[in-house]
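Quick note, the sequences are listed as chains E and S, same order. Using numbering that gives the first Met the number 0, the first residue of the first sequence is number 0, and each one after it goes up by one. Using numbering that gives the first Met the number 0, the first residue of the second sequence is number 0, and each one after it goes up by one.
These aren't lab readings, by the way, just hints derived from the structure by calculation. Check each hint, because a few of them may be wrong.
Keeping only pairs whose Cα atoms sit at most 35 Å apart, straight-line, the calculated DSBU-like set for lysine-lysine is [unchecked claim]:
| no. | chain 1 | residue 1 | chain 2 | residue 2 |
| --- | --- | --- | --- | --- |
| 1 | E | Lys182 | E | Lys118 |
| 2 | E | Lys182 | E | Lys407 |
| 3 | E | Lys118 | E | Lys92 |
| 4 | E | Lys301 | S | Lys143 |
| 5 | S | Lys143 | E | Lys294 |
| 6 | E | Lys222 | S | Lys108 |
| 7 | E | Lys83 | S | Lys143 |
| 8 | E | Lys426 | E | Lys118 |
| 9 | E | Lys301 | E | Lys69 |
| 10 | E | Lys426 | E | Lys395 |
| 11 | E | Lys170 | E | Lys193 |
| 12 | S | Lys108 | E | Lys170 |
| 13 | E | Lys222 | E | Lys301 |
| 14 | S | Lys108 | E | Lys293 |
| 15 | E | Lys265 | S | Lys108 |
| 16 | E | Lys135 | E | Lys194 |
| 17 | E | Lys170 | E | Lys222 |
| 18 | S | Lys143 | E | Lys182 |
| 19 | E | Lys170 | E | Lys182 |
| 20 | E | Lys395 | S | Lys143 |
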Amino acid sequence: MKKTFTMLAAAAIAAGGAALSPTVAAADLVVPNLSYRTGPFAAGGIPYADGFADYFTLLNERDGGIGGEKIQVPECETAYNTEKGVECYESTKGQGALVYNPLSTGITYQLIPKVTADKIPLYTPGYGRTSAANGKVFEWVFNYPANYWDGASVAIKHLLDQNGGSLEGKKIALLYHNSAYGKEPIRTLQELAKKHGFALTELPIDSPGQEQKSQWLQVRRDKPDYVLFWGWGVMNSVAIQEAANIRFPMENFIGIWWSGSENDVKPAGAGANGYKALTFHGVGQDYPVYGDLKKYVYDAGKAAGAGDQTGSAVYSRGMYAAMVIAEAIRKAQELSGTPAINASQLRDGFEQLSISEERMTELGLPQFGQAFAATCEDHGGPGAAMIQQWDAGAGKWNLITGFIEPDKDVLDPLIAEDSGAYAAENKITERCN
Amino acid sequence: MPDTLLYAIEVSLNGLMAGIMYALVALGFVLIFKASGIFNYAQGVLALFAALTLVGLQNGQIPFAHLINAVFGTSLHGFGWTLPAVVAIALTALVMVGLAWAIERLVLKHLVNQEPIILFMATIGLAYFLEGLGDVMWGADIKKLDVGLPQGINEAIDNATFNWFGYGFFIDNLDIVAACVAAALVLSLTLFSQYTKYGRALRAVADDHQAALSVGISLRFIWVLVWSIAGFVALVAGIMWGSKSGVQFSLSLIALKALPVLMLGGFTSIPGAIVGGLIIGMGEKLFEFFAGPMIGGATENWFAYVLALLFLVFRPQGLFGERIIERV
Chain E
0 MKKTFTMLAA AAIAAGGAAL SPTVAAADLV VPNLSYRTGP FAAGGIPYAD
50 GFADYFTLLN ERDGGIGGEK IQVPECETAY NTEKGVECYE STKGQGALVY
100 NPLSTGITYQ LIPKVTADKI PLYTPGYGRT SAANGKVFEW VFNYPANYWD
150 GASVAIKHLL DQNGGSLEGK KIALLYHNSA YGKEPIRTLQ ELAKKHGFAL
200 TELPIDSPGQ EQKSQWLQVR RDKPDYVLFW GWGVMNSVAI QEAANIRFPM
250 ENFIGIWWSG SENDVKPAGA GANGYKALTF HGVGQDYPVY GDLKKYVYDA
300 GKAAGAGDQT GSAVYSRGMY AAMVIAEAIR KAQELSGTPA INASQLRDGF
350 EQLSISEERM TELGLPQFGQ AFAATCEDHG GPGAAMIQQW DAGAGKWNLI
400 TGFIEPDKDV LDPLIAEDSG AYAAENKITE RCN
Chain S
0 MPDTLLYAIE VSLNGLMAGI MYALVALGFV LIFKASGIFN YAQGVLALFA
50 ALTLVGLQNG QIPFAHLINA VFGTSLHGFG WTLPAVVAIA LTALVMVGLA
100 WAIERLVLKH LVNQEPIILF MATIGLAYFL EGLGDVMWGA DIKKLDVGLP
150 QGINEAIDNA TFNWFGYGFF IDNLDIVAAC VAAALVLSLT LFSQYTKYGR
200 ALRAVADDHQ AALSVGISLR FIWVLVWSIA GFVALVAGIM WGSKSGVQFS
250 LSLIALKALP VLMLGGFTSI PGAIVGGLII GMGEKLFEFF AGPMIGGATE
300 NWFAYVLALL FLVFRPQGLF GERIIERV
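Whole structure, please, built from the sequences with the hints as guidance.
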C-alpha cells in the first residue's frame with residue numbers, strides 16, 4: 000500500500016512537473032504568458048490569461064499558427080508579484096521568447112531595462128510605464144493603443160462633454176491604488192486641473208484595499224462632483240460597494256479600464272448600476288471571431304482555464320493583446336521574409352504595425368479597437384478610449400460613447416519630459432532622427 | 000458643534016466598527032494560541048476557505064469541477080440547487096470541524112512536543128495548502144456572498160444625528176451587524192470556557208499542558224475542539240468580510256489587519272482581541288483623518304503597526320496578555 004502510494008505520488012509529481020515546464024519546440028513562435036491565476040489578484044489575472052491563450056489556440060487550430068509556424072504560449076505564474084514576474088521572465092526567455100506582456104505595471108518597470116539589454120520586445124497595452132510611448136527613448140517597449148495618461152485625459156474629456164465643455168469650479172477626486180500603477184495619472188490630472196479649472200483631490204488606498212472607510216467618509220464629507228478611480232483587484236469591488244453605501248451617484252464614478260470588469264461590479268449587486276469605466280476595446284461576444292472560437296477552441300475542449308470567462312471585459316482585453324501580438328508577428332514575418340522570426344525581427348514588426356478597421360473586420364473583430372499605425376517615434380498609439388456603463392439589471396456593460404480622443408496637447412509634453420528624464424538617467428541617445 | 004469635531008466623531012465611530020471587524024479575525028488567532036501556544040499563520044486562509052465553501056455550497060457549485068472536467072472531459076459546473084443561507088452556514092461549519100479533525104490527524108499529531116517555531120512553520124505550510132485547495136475546489140473568481148445581511152447607510156442613525164447636529168453620521172448596517180455578532184461570539188466563548196466541561200478542559204490545557212494531560216484530558220481532542228471553534232470564528236469573519244468585498248483570494252490578507260490587534264490586545268485574551276481591535280480601528284482612522292491629508296494619506300496599514308509597537312514598548316505582553324515570568 001505504502002509503495003503504491005509512493006509510486007502514485009511520484010507519478011503525480013512527474014505529471015505536475017511536466018505541466019509546469021511545457022516543452023517548447025525549437026521552431027515554434029514562443030509567446031510566454033506571464034499570468035496570475037492565484038493570489039489576491041487572480042480574479043483579474045484569470046480572464047486576461049484565458050483570453051490571451053484562447054486567441055493563440057484559435058490561430059493554431061484554425062490557421063495552423065501564423066505563417067505556418069505554430070505558436071507556443073508557455074504560462075508562468077507571477078501571482079502579480081514583481082519578484083516572481085522577474086523570475087518568470089528569466090526562466091522563460093531562454094525558450095526563445097519573442098515578446099513579454101506581464102500584465103503588471105510593477106513587473107513592467109523591472110523588465111524595461113532587462114528587455115532592453117536582452118533585445119526582446121515588451122508589450123504593455125493599457126498599463127506599464129506611460130512614457131514608454133516615446134519610441135525615441137524606449138526602443139523595445141510598446142504600449143499602444145492607450146495608456147494611463149490617455150485614460151485620465153479621456154475621462155476628463157467625457158466629463159467636459161457632460162458639462163457643456165467646462166469643468167470650472169468642479170471638484171474631482173482621484174481614488175487610487177497606492178502604487179506605481181495608481182500614481183501614474185496624478186501628474187496628468189494635475190495638468191488637466193490647471194487647464195480646465197477643476198479642483199483635484201487625491202485619495203490613496205493601500206493595497207489590497209479591503210478597508211476603505213476613511214476614503215469614502217472623506218468623499219461623503221467633501222462631496223466631489225466626480226470620482227475617478229484607479230484600482231485593481233479587491234479594491235475595485237470594495238470601492239463600488241462603498242460608493243453605493245454612501246449613495247454616491249454611480250454615473251459620476253468613473254474607473255480606468257482595470258476597474259471595469261464584471262468581477263468589480265457584481266458583488267455590489269444593484270448598487271453598482273450606472274457605474275462607468277473606460278475601455279479601449281469592445282466588450283461582449285457580439286463579434287464574428289467568437290463563432291470561430293466556439294468551433295475551434297471552446298467546443299473542441301481546448302479553452303484555457305475553466306472556459307467560463309468568455310466575452311468578459313478582461314477576457315476581451317487579453318484577447319485584444321494577443322490579436323495585436325499576432326498581427327505584429329505577421330508584420331515581422333512579412334518584413335523579414337521568414338516565418339521563423341526572432342525577437343529583434345518582432346520588434347521591427349511592432350514598430351511598423353498598422354491595424355486598420357478593415358483588418359480588424361477580417362479578423363472577426365469589427366470596431367473592436369481603434370485603428371492605429373505605429374512609428375519609430377510613436378509606440379503609444381492614438382490613446383482613444385470609450386466609456387462603458389454597467390447595467391446591473393441586465394448584468395452587462397453597455398458602451399455609451401464612441402472612441403474619445405485624449406488631449407495630446409497636454410499629454411505629449413508630459414511624455415517628452417518623463418521619457419527625457421529616463422533617457423538622461425540611463426544615458427540613452429534618442430533614436431528615429 | 001464645529002464641523003471638524005462632528006467629522007472626528009463620525010470617523011471614530013466608523014473606526015470602532017472597523018476595529019470590530021479586525022477583532023473578529025484576531026479572535027481565531029487568540030483561541031488557538033491560548034489553547035496550544037501555536038501562532039496560527041493560516042487563520043486568514045481559514046476565513047477565506049470557510050467563505051469559499053459557504054458560497055460554493057449555497058450556490059450548489061460542484062467542488063473540484065474544473066479538475067474533474069479537465070481529467071474526465073466532462074462539463075460539470077453545478078448541482079442545480081441553491082441552499083438557504085442557514086443550511087449552507089451549518090454545512091460549512093461542519094466542513095470546518097472536519098478540516099480541524101484533518102489538521103489534527105495529518106499535521107499536529109505528528110508535531111507534538113516540537114518547538115513552537117516548528118508548529119508555526121507547519122501553519123505556514125497549511126496556509127498555502129489551504130489556499131491552493133480552495134482554488135482547486137471552488138475556483139479563483141470573485142463570488143458574491145449574500146446571506147441576507149443588511150448593507151448600506153443606517154437611516155435611523157443618519158436621520159437622528161442630522162436632527163441633532165445638522166450632519167448625518169454614516170454608519171454601515173453591516174458594521175452594526177458585525178458588532179452584534181462579535182458581542183454574541185465573545186459572550187458565547189466566555190460562557191463556553193467558564194461553564195462547560197470542555198471549556199474548562201480547554202482552559203486547563205491553556206494553563207498547563209502537562210498538568211492537563213496528567214489528569215486525563217486528551218490533548219488531541221482539545222486541539223480538534225479548539226481548531227473547530229477557530230474554524231467557526233473564521234467562518235463568521237469570512238461572512239462579514241466576504242459580504243463587504245465579495246469572496247476572493249485577498250480575503251486571506253485580512254490576517255494582516257489582525258496582527259496589530261493581537262500585538263496590542265495580547266495573544267491570550269479574548270476581551271483583549273476586542274479591545275485591541277477597537278483601539279486599532281479608532282486610532283488608525285483618526286490618524287488618517289487628522290494627519291493623512293498632511294502626509295499624503297494611506298496611513299492606515301502602517302499606523303496600526305506603529306500604534307501596536309508603542310503599546311508593546313510599554314507592555315510587551317499586550318494590554319490583556321499574561322505576563323511571562325520564568326524562574327532561572
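Structure versus earlier hints - violations, ascending order = Violated hints: 6, 10, 12, 13, 14 and 15; rest satisfied.
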